[in-house]
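A.B. asks: Line order of the protein sequences matches chains B and H.
Okay, so the first sequence: first residue is 1 according to our numbering, each after it adds one.
Okay, so the second sequence: first residue is 1001 according to our numbering, each after it adds one.
Keep in mind the hints are simulated off the structure, nothing from the lab.
Yeah, the Cβ is synthetic: ideal placement off N, Cα and C, and Gly gets one too.
Be aware that a few hints might be false.
Facing chain B, from chain H, some residues (calculated, C-beta under 10 Å) [as the list claims (entries may be wrong)]:
1) T1037
2) Y1361
3) D1381
4) A1385
5) R1389
6) Y1417
7) R1418
8) R1425
9) I1433
10) R1437
11) F1462
To be clear about the criterion: a stretch of chain B counts as covered by chain H if any three or more of its residues have a C-beta under 8 Å from a C-beta of chain H, and this derived list gives those stretches [said to hold, decoys possible]:
12) 19 to 29
13) 57 to 71
14) 98 to 112
15) 138 to 147
16) 186 to 196
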Amino acid sequence: MRVALFVTCLVDQFYPNVAEAMIAVCNRLGVYVDFPEVQTCCGQPAFNSGYVDAARSSALTLLNAFSDYDYVISPSGSCTGMIHHYFAKLFDDNIVRREMAQDLACKTYEFSQFIVNVLGVTDLHAAFPYRVTYHPSCHASRLLGIRDEPLRLLEKVRGIELVELEHQEDCCGFGGTFAVKMADISAAMVSEKVEHVEATGAQVLVGTDMGCLMNIGGRLQREQKAVRVLHLAQLLAEGLLQSSSPKPEVAR
Amino acid sequence: MTTSSESLDLQDRARRALEDDFLRTAVRFTTDRLKTTRKTATEQLGRWEDWRERGRQIRAHTVSHLDHYLGLFATNARKAGARVHFAADAADAERVVLDIAKQQAAILVAKSKSMVTEEIHLNRHLEEHGIEVVETDLGEYIIQLAGEAPSHIIIPAIHKTREQIRELFAADGAEDLTTDTKALTAYARKRLRETFLQADIGITGCNFAIAESGSVVLFTNEGNGRMVSTLPKTHIVLMGMERIIPTLADLDVMANLLPRSATGQKLTTYMSIVTGPRKLEEQDGPDDLHIVILDNGRSRQLGDPEFQEILHCIRCGACLNVCPVYRHIGGHSYGSVYPGPIGAVLTPLLQEGPEFEELPYASSLCGACHEACPVKIPLHDMLAALRRRQVERGRGTRGERMAFRGFQMAFSNARRYRGTLRMARMAQAVFGIREGRIDAQFGALRGWTATRAAPALADKSFRERYASLEQDVAIGSSASGTVQTSGADGQLTVGKTEVNRDE
Ligand code: SF4
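Just chain B, same shape as in the assembly:
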C-alpha cells in the first residue's frame, strides 16, 4: 500500500504540526506516508470565488503528484470534498485528465475516513484526559459525507470526556474568501459558534478542517478564551504519547 499525503496549502504553510501528527498516527498503524513535492493546492479558494482557470492550474499539480499512489490522505474534509465533487468537472474537456481526476477522487480520503474506513481501526489506544467538543465541518459532513468517523475515533480515546456542541451543524462562518468579503456576517457567525463552544465548558475544540479551526480559534484567541483548538490528528497523536500502551513493532 503506497500512501501519499495531500497536505493542503493551509496545513503546509500555517499548521505543519497537523501533517506531522497525521504521519505519527499513520506510522503507529504501520503505514509509511510519502510526500510528493509537486503538489500545491486543490484550487478551492479560486474555484469558490469563480476563478475556474486558476483553480484548474493548481488542481493539475495534484493530478500529477498522486498518480502513482494507492491512497491519498488529507487533513481536510473540505479539500478532499473538492477533489471528490469538482475535479472531474474541472477537467471535463480533457479525457486523460478527467480520468486521472476520477481516479484521484476514488483513492483520496480525509484522515479520519482513512483510519476508520480503510485501515478499519477505531481504537488507537490513545489517552487524552480532557473535556472535548467536536465541530463537524460543513464540507466534511455535507460534501464529503463524513458522519461519525471522527467521533468513533474519539470515543475510543481513554479518559476523554466528549461533550456535544450545540448547533454543531451550523457553519462557523469561514467559507474561504467569504470570511473577508462578507466580514461582518462571517464575524457574527463565528461569534455565535464561539458562544456555543464556550457553553460546552470544553477544554479542547477538535475538528477535521484547519480552515474552520483557524476561524473559530482566531475568534477564541481574540476573546482570550482558554480553549485549545486541535485537529483530530493532533489530538490523537498527543494521545498516543500520553498512552502507556506499547508501541507497535513493525514488520520490515
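With chain B held as given, fit chain H with the ligand onto it using these hints.
C.D. replies: Then chain H with the ligand, alone, in the frame of chain B:
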C-alpha cells in the same frame, strides 16, 4: 424585484440588521423552531431521502417537459371554464390583472399570500390605479400595516416580535390588545372578515397546478386562501410558469414534501383544489376564474445545464430556515423579493442588474440549503457557478482579479509556490507577529483581523520539514502484511500490536 432599502449595498444592509437585536432574536427564535419541527416531521414520515428523490424526479421530469405540461394545463383549465393568460414579464401580468379589475369596476381586492405578486409588485401597481388591496394572510397583513415587504417566503413577518405586532395593530385602531396570540389573531380576523365579504376580486398565488385536470392547488394554514378564492365574484390566480405538476398522484408527494419542509406540519391545514369557476349546480366559488401564468425570466433557465434546476423549487423556505447567513441578517438584507439561499440564486437569474451581483457572495457555501431542500436543488453549486459567471463577465473587483492571477501564477507550479510563500513569510513581519499570531488590522487582512486573530505563516513549511522527518516504519509499508485483518475475531493486526477493530 428590489425592496425598499435599495440605496444601500448588501453589506450595509447586513450591518444594519446585525445591529438590530429585535430582528435577530425574532429570526433566530423562529428558524430554530422550524428547524426542529422539520426534523421531527421528516423523521416521522420515514425514508425521507426516498421522498426527496421522488420529489426531485417529479420536478425534473415536469420542468424538462414544461412546454408540454403547460399546454396540457392551459387546455384543461380552459375546459373547466377558467380564463388562462400568459404573461411574458411583470408589466404584462400587471396589465392583465388591471384590465380584469377595470372590467369589474373593482375597488377592493382581497389577497392571500403569493410571492409571485410580490415579485411583480402587484399591490403597488393596483393601488396606483386607485384599487385598495388587503392582504389576508396574517403575516402579510402585519407587514402591509408596517409598510414593509416580506422577509421570508413562508413567514413574511418572521422579523417582527409580538410586541411590534401589537403596536402595529394598536396603530391600526385595536384597543386594549395584549401580546397574546389569541388576542392578536382575533383582531386580525375581525378586520379581515369584512374584507372577504366586500372584496370585488380575490387574488391568490398557486402552490401547484395540476396539468391533467387544469386545477390550481392552494396550501394555507389560516383558511384565508379558501375565503379569497370563493367569496369574491372574481378569482385571479397568479402563478409562475414552473408551478406545474403532471398529475393528482404527484400532489401526494408534494403535499408531504412541502409542509414538512416548510413548517414541520404533516399536512397543510387547508388544501384547496380549484378546478374552474363555480359551476351552475355549485353553491360556492367565483363567477370568473382567471389564471395568469408568469414567465418573467423563468424560461431563460430552461436548457441551461447549470441553472435549469432552480425551476424545481417548490418555495418551501427550508433553505432559509437552515441558512446560517439568513439566521443572522434576516430577509430584508438581501434586498431582493426572494431572500435566503433560494433568493441569492433565483434573483440574479430572473433579473440581471448590478444591484443583484453581490447576492451570490452572501453565502459561506456551507451546503446546509442543499441538504434541507426537499427537491435536492444544489444551491451551493449554483452560487459558485453564478460567481464564475460574474468573473467571466469581468465583474470581479480589481483586487480580487489580481489576487487570483497571482494565485494562478504561484500555485500552478510547486517551485514557484515555494518561492512565493518564502517571500510571503518574510513580508508578513510587517503585520507584527506575536506568539505565532497576527492581530494587526490593516490591508487585506482587516476583514479577518477586525474580529479574530490570524495565524502567522509557520517558520518552516511542512514541505521544508518533511525531508528531515523520521518515520519509524519502512518506506512503502504497509504494502505487504504490516496491516492485516484477521476477519474472524475482528482484530486488526498492526505489527505485533493488536488493535481493536470496531464492529
Ligand atoms: S430551493 Fe429547495 S429548500 Fe429552498 S425554497 Fe426552494 S424547494 Fe425549498
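A.B. asks: With a Cβ-Cβ cutoff of 8 Å, does the region 186 to 196 of chain B contain at least three residues near chain H?
C.D. replies: With 7 residues in contact (Cβ-Cβ under 8 Å with chain H), the coverage given for the region 186 to 196 of chain B holds.
A.B. asks: Next item in the hint list is H:R1418. Is there a CB on chain B closer than 10 Å to its CB?
C.D. replies: This interface hint holds because 9 Å falls under the 10 Å limit.
A.B. asks: Can you take a look at whether the region 57 to 71 of chain B is actually covered by chain H? Rule is 3+ residues, C-beta closer than 8 Å.
C.D. replies: holds (count 4)
A.B. asks: Any CB of chain B closer than 10 Å to the CB of H:F1462?
C.D. replies: 4 Å, holds
A.B. asks: According to a criterion of three or more residues whose C-beta lies within less than 8 Å of a C-beta of chain H, is the region 98 to 112 of chain B covered?
C.D. replies: violated (count 0)
A.B. asks: Per the CB criterion, is H:R1425 less than 10 Å away from chain B?
C.D. replies: 8 Å, holds
A.B. asks: Restraint: H:I1433 near chain B, CB-CB cut 10 Å. Satisfied or not?
C.D. replies: Not OK, violated: H:I1433 not within 10 Å of chain B, min 12 Å.
A.B. asks: Hint H:R1389 vs chain B: min CB-CB distance below 10 Å?
C.D. replies: 7 Å, holds
A.B. asks: For the region 138 to 147 of chain B, do three or more residues have a beta carbon lying closer than 8 Å to a beta carbon of chain H?
C.D. replies: holds (count 4)
A.B. asks: Answer holds if the nearest beta-carbon of chain B is closer than 10 Å to that of H:Y1361; otherwise answer violated.
C.D. replies: Hint holds; H:Y1361 Cβ to chain B Cβ min 6 Å, cut 10 Å.
A.B. asks: Min Cβ distance, H:R1437 to chain B: is it shorter than 10 Å?
C.D. replies: 6 Å, holds
A.B. asks: Take the shortest C-beta to C-beta distance between H:Y1417 and chain B; is it under 10 Å?
C.D. replies: 5 Å, holds
Violation of the numbered hints given earlier is confined to hints 1, 9, 14; the remaining hints are satisfied by the structure.
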